[in-house]
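Q: These protein sequence lines map, in sequence, to chains A and B. All residue numbers for the first sequence refer to the numbering used here, where the first residue is -7 and numbers rise by one. All residue numbers for the second sequence refer to the numbering used here, where the first residue is 28 and numbers rise by one.
Careful: at least some of the hints might be erroneous.
[Stated by the list, open to error] Chain B residues, not near chain A, derived (Cβ > 12 Å throughout):
hint, residue
1, 57
2, 116
3, 154
4, 187
5, 211
6, 282
7, 293
8, 300
[As the list claims (entries may be wrong)] Cβ-Cβ distance ranges computed for the label pairs, FRET-style:
hint, chain 1, residue 1, chain 2, residue 2, range
9, B, 199, A, 2, 23 to 33 Å
10, A, 255, B, 197, 51 to 61 Å
11, A, 272, B, 229, 35 to 45 Å
12, B, 215, A, 224, 30 to 40 Å
13, B, 225, A, 166, 37 to 47 Å
14, A, 31, B, 253, 27 to 37 Å
15, A, 241, B, 276, 46 to 56 Å
16, A, 115, B, 199, 31 to 41 Å
17, A, 3, B, 82, 46 to 56 Å
18, B, 123, A, 115, 30 to 40 Å
19, A, 25, B, 88, 20 to 30 Å
20, B, 257, A, 3, 38 to 48 Å
FYI, nobody ran anything at the bench for these hints, they're computed from the structure. Don't be surprised by glycine CBs; every beta carbon is placed ideally from N, CA and C.
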Amino acid sequence: MRNDFVKQTLIEMERNRDIIFLTGDLGFNALEPIRDKFPKRFINAGIAEGNMIGLAAGLALTGKKVICYSIASFLTMRPYEQIRTDVCYDNLDVKLFAPGGGYNYPTHGVTHHTIEDVAIMNVLPNMTVVCPGYSWEAREATSALIRHKGPTYMRLSKSPGEHYQHKSWKFQLGKGYEVRKGKDAVLISTGNILDMVLATAELIEKKSKKKIRVGVVSMPCLKPIDQKLIKNLAKQYPLICTIEEHSMIGGLGSIVASLLGQSPVSSKSRFQMFGIPDLFIKDVGSRNYLLAKVGLEPKVLSGQILKLLK
Amino acid sequence: MIQRTKKKTHKELEALAARARRHIVAMHYDSQTGESGSALCIADLLVTLYFNILDIDPKRPEHPERDRFILSKGHGAAALYAAMALRGYFPESDLKRYRVDGGKFHCHPCRDAAAGIEVSTGSLGHGLSIALGMAKSMRMECSSKKVFILVGDGECNEGSIWEAALFASTHKLSNAIVILDNNKFQGFGASKEVLTMNLARKWSAFGWNVLRIDGHSIPEIERSLREAKDETTRPTIVIADTIAGKGVPHIENTLGAHYYIPDEATYLASLNA
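Excised from the complex, chain A in its bound form (with noise of 0.2 Å):
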């Protein structure tokens, strides 16, 4: 998703004289391409998160487009209160671009983890938050959200081994995706998990005796959400979980609970949530080998789901 990210942003830069780019020292290896091309656009603002932010709400409040980079922690949390003041009270046209995200830098331990990102983002009046699933969804994401006018943070995490795309499906904000049918249950996920739900989705319809069928749907867009279609899964599905790589807490799963619980979505559909729960996890390992520590792997997932179904 990175590439996707720098290739994408060269072409907005290339459109728009305006747009600035900042980065925390980060981007070796990637964001080369756009040091070269705009050298007087592109700033390394040092190891100063908090600087970073402030000098692009300064940017902003002059007429630029400013984009952040840096690893989604030190991106989200060390400048926390520049974002909520300098940047979302005055709706200033600053884009945070984060790679990284839940366990995307697995083995570097818990300064590089990421479980609240989403939900200290989503809090934050005026934000945008985009966590994609997909290559062509952080592709054209990141085209939207560089031209949607306001404050934005997207996840950058690796793309799924997958490539899903329909040839009707264009990004926008606030908008998800049907990547499966189902009639039974349906996963809601968000950001690159998405491989490990349809993973999740055919082992349930094969360990199943009923002939089960279960949708997937990728909500890569967290605010807004899609309420429609919210609204629409809560009336085909009898059970509907959303499962992230994130916090149980203020993420995905909260958003759409809210949702279930109050007009005008209000469902009868049994809800389940799955994420990381509220601990550190402090072991060392793969991405996947973490994941499987708070149960986000498709054999657990799908006896879990398998047992909300009886």
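With chain A's structure known, arrange chain B on it following the hints.
A: Same frame as chain A, now just chain B:
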């Protein structure tokens, strides 16, 4: 082009600063709120800035080719409102709407409150970074305009100030001019006792041109800010020694000045000051 106005004499500026201080006392007396001392100490600085230094037009507050001023120590906002009212951004009668129900002005500046307030501040250590973003942008556009930022000595506790200070000197942002209100007190103690630092040496070590003045001497304020505007190779900081609570004798140079709520006697005395 920005409409030029005739500069004020030092005597006129002194009278305007006194008027600003009267407003500050009245605003805090009427609203029965604190933070008066932090505003009183910067009245001379702001009046000089708004009348004789900043290239601005209150009738066209969003003019793209204007100097900008950011009050990074947002808790001195009453002085900003008073200086802006005197300069003609809004009527002086609006100052009655400070920190009251349905009012216009918070204790700390909000950009939406009035045209001409450049940035919302109040959390310390933010304003300088924002100002440098503006300065960098203006440099990219080959603008000759300047960005002035007023920070507090206590505010220099914040790490982000030093992140920004390094950025400014690295990028040679001589169009950024900091005024440091060195009133020697911060939230809960004397600045030198809370976190000890030699401000002049520290800013100099961070690559800044450092000037030091009496922050209540109008001629020194004006001379130093003009000198700062002429600097072309590095950012300048004017360290202005000020007196917390300036103009209200019984709170001058005290920690409590920051939180002082004027009583009736002080209010009445200020009317004749």
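Q: Determine for every hint whether it applies to the structure shown.
A: Hint by hint, here is what the structure shows:
no., hint, in the structure
1, 57, "27 Å, holds"
2, 116, "18 Å, holds"
3, 154, "8 Å, violated"
4, 187, "4 Å, violated"
5, 211, "26 Å, holds"
6, 282, "26 Å, holds"
7, 293, "33 Å, holds"
8, 300, "36 Å, holds"
9, B:199 - A:2: 23 to 33 Å, "28 Å, holds"
10, A:255 - B:197: 51 to 61 Å, "54 Å, holds"
11, A:272 - B:229: 35 to 45 Å, "37 Å, holds"
12, B:215 - A:224: 30 to 40 Å, "56 Å, violated"
13, B:225 - A:166: 37 to 47 Å, "54 Å, violated"
14, A:31 - B:253: 27 to 37 Å, "34 Å, holds"
15, A:241 - B:276: 46 to 56 Å, "54 Å, holds"
16, A:115 - B:199: 31 to 41 Å, "39 Å, holds"
17, A:3 - B:82: 46 to 56 Å, "38 Å, violated"
18, B:123 - A:115: 30 to 40 Å, "35 Å, holds"
19, A:25 - B:88: 20 to 30 Å, "40 Å, violated"
20, B:257 - A:3: 38 to 48 Å, "43 Å, holds"
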